[in-house]
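The primary structure of each chain is shown beneath.
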Amino acid sequence: MKNSKVSWYWSLLAGGVLALASAGAWAAASHTVSQKDKSFSAAEMVVKVGDSVEFKNDDDVSHNVFSVSKEQPFNTKVQKPGTSAAVTFATEGTIEVRCAIHPGMKLLIKVVK
Amino acid sequence: MTSASPSTKTAGLTASELNALRAKYTRPTSVPHPVDNVPSASKTLLGRTLFFDPRLSGSKFIACSSCHNPGFSFGDGLPRGIGHGMKQLGRRTPTALNLAWAPALFWDGRAETLEQQALGPIQAPGEMNLPHDQLIKRLSGIAGYRAMFKAAFGDPAITTDRVGKAIADFERTLVSPEAPFDRFVAGDDSAISASAKSGFALFNGKCNCVKCHTGWRFTDDGFHDIGVLSEDLGRGTLLPLESMQHAFKTPTLRNVVERAPYMHDGTEATLEQVVDLYDHGGRVRRPSLSDEVKPLRLSAAEKHDVIEFMKTLSSPGPAVEVPALPY
Numbered sequence: 001m002k003n004s005k006v007s008w009y010w011s012l013l014a015g016g017v018l019a020l021a022s023a024g025a026w027a028a029a030s031h032t033v034s035q036k037d038k039s040f041s042a043a044e045m046v047v048k049v050g051d052s053v054e055f056k057n058d059d060d061v062s063h064n065v066f067s068v069s070k071e072q073p074f075n076t077k078v079q080k081p082g083t084s085a086a087v088t089f090a091t092e093g094t095i096e097v098r099c100a101i102h103p104g105m106k107l108l109i110k111v112v113k
Numbered sequence: 114m115t116s117a118s119p120s121t122k123t124a125g126l127t128a129s130e131l132n133a134l135r136a137k138y139t140r141p142t143s144v145p146h147p148v149d150n151v152p153s154a155s156k157t158l159l160g161r162t163l164f165f166d167p168r169l170s171g172s173k174f175i176a177c178s179s180c181h182n183p184g185f186s187f188g189d190g191l192p193r194g195i196g197h198g199m200k201q202l203g204r205r206t207p208t209a210l211n212l213a214w215a216p217a218l219f220w221d222g223r224a225e226t227l228e229q230q231a232l233g234p235i236q237a238p239g240e241m242n243l244p245h246d247q248l249i250k251r252l253s254g255i256a257g258y259r260a261m262f263k264a265a266f267g268d269p270a271i272t273t274d275r276v277g278k279a280i281a282d283f284e285r286t287l288v289s290p291e292a293p294f295d296r297f298v299a300g301d302d303s304a305i306s307a308s309a310k311s312g313f314a315l316f317n318g319k320c321n322c323v324k325c326h327t328g329w330r331f332t333d334d335g336f337h338d339i340g341v342l343s344e345d346l347g348r349g350t351l352l353p354l355e356s357m358q359h360a361f362k363t364p365t366l367r368n369v370v371e372r373a374p375y376m377h378d379g380t381e382a383t384l385e386q387v388v389d390l391y392d393h394g395g396r397v398r399r400p401s402l403s404d405e406v407k408p409l410r411l412s413a414a415e416k417h418d419v420i421e422f423m424k425t426l427s428s429p430g431p432a433v434e435v436p437a438l439p440y
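Protein chains in written order, with this note's numbering: chain A, 1 to 113; chain B, 114 to 440.
Warning: the hint list may mix true and false statements.
As the list claims (entries may be wrong) - If we take Cβ atoms under 10 Å as the criterion, some of the chain B residues that face chain A in the derived model are: (1) P216; (2) G222; (3) K324; (4) D333; (5) F336; (6) A360; (7) D404.
As the list claims (entries may be wrong) - Which chain B residues face chain A? A few, computed with CB under 10 Å, are given here: (8) C325; (9) D334; (10) G335; (11) E355; (12) M357; (13) E405.
Simulated from the structure, these hints should not be mistaken for lab results.
We put the beta carbon where it would ideally sit given N, CA and C, even for glycine.
Please construct the entire structure, taking both the sequences and the accompanying hints into account.
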């Protein structure tokens, strides 16, 4: 996974950068997915192109949310308990999201126009 | 769950705290099976037969059971496995116990199902070294197997897919029988010693073990770099994320005292050494080191208690009858 192709954004708390969303994204919605008990709070979700998803670590262990989907690969890197990472989805498609550390954590995000 | 009075403390925990912890380790009442591999007695028998048959290797010398030896809690007791040509492999043989619940197999998680996993070592040149086309040709020439595949699948066709399904079906029967710890979880306070109870409290508290060795199987099935002094990148070879460098799958702790040596490469000879590794926060510090691994500063008594606790996770078996092989 090359960083140049990666579209992920650290939260301000983690010292990352703010998302520079595509044109019109200022009207986009923000969704939240919790990570708790080594599970995502949803197994599937639908978002629109330009929407962002905030991955919150509500667990007592670290997580590492990522996707190797061709539409939008991303890597939040290691998220300590209590931190969040937001990802803006810029491309239509079905994105398989997982936690690298805990392979049982799986989420399917359908990005639609 | 326990008859202790609310004010009585066990290993520093109140009765309600102890019961809350015990509930996290309750065993499941059934074994999960995939919808496309429904179990049956004939399929399990076929899988058990294949598991013990050395003709599934190029040399006709190595069976699945050669490394996953029931006498060694379905491991081999070696630092690293021995494969084709008696050559040492790069990693230790993991136990085949309790894999029905695992979402990823092998130390690096390269197989997502037991069906996939079962087929991998058969054709791996360094392991059993029998390409799948030769495997099918060889098995198809054994009349007894044709009859067994017919009984298991409805017709005598022998395919790679069916070999994987039969072995996986058998492996799902390899579930650790009840151990003293399970009786403790069920409410028998006398099932484990006071030292082991203290170790249980440490396991869930100061030692931080529970962050990865979770639930009744004592594994989160996750991938962590725990600071083993090794160049092997583990999961990182498949998933090039920083957190996955030197990361290996969390092994179960069931029957752990019978499965020395430890770690993915057998570099820790004893459980005492394993606890020492964790006490130091790993043998090596590097960017990929898991957040859950940090120096513990345990006393000698605390180390002893944690090991006493791990001893309560052992149970004999499961008993597996070695089958007569077909011809």
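Hinted contact C325(B) with chain A - closest CB pair below 10 Å: holds, 8 Å
Holds or violated: is the Cβ of E355(B) closer than 10 Å to a Cβ in chain A? holds, 7 Å
Proposed interface contact between F336(B) and chain A, which counts if any beta carbon pair is under 10 Å: This interface hint holds because 6 Å falls under the 10 Å limit.
G335(B) was flagged as interface toward chain A. Is the shortest Cβ-Cβ separation under 10 Å? Holds - the Cβ of G335(B) comes within 10 Å of chain A, reaching about 5 Å at its closest.
Would you check whether E405(B) satisfies its interface hint, that is, whether its CB is within less than 10 Å of any CB in chain A? With Cβ-Cβ at 6 Å, under 10 Å, it holds.
Cut-off 10 Å, beta-carbon criterion: hint that P216(B) touches chain A: At about 5 Å, which falls below the 10 Å cut-off, the nearest Cβ of chain A leaves the hint on P216(B) intact, so it holds.
Hint check: 10 Å Cβ-Cβ cutoff, D333(B) to chain A: Status holds, d = 6 Å.
The hint names D404(B) as touching chain A; please verify it with the least Cβ-Cβ distance against 10 Å. holds, 4 Å
Hinted contact A360(B) with chain A - closest CB pair below 10 Å: holds, 8 Å
Holds or violated: is the Cβ of K324(B) closer than 10 Å to a Cβ in chain A? Hint holds; K324(B) Cβ to chain A Cβ min 5 Å, cut 10 Å.
D334(B) as chain A interface residue, shortest Cβ-Cβ below 10 Å: This hint holds: D334(B) lies near chain A, its Cβ roughly 6 Å from the closest one there, short of 10 Å.
Grab the minimum C-beta distance from M357(B) to chain A and call the hint holds if it beats 10 Å, violated otherwise. holds, 6 Å
Violated hints are absent here; each numbered hint is respected by the structure.
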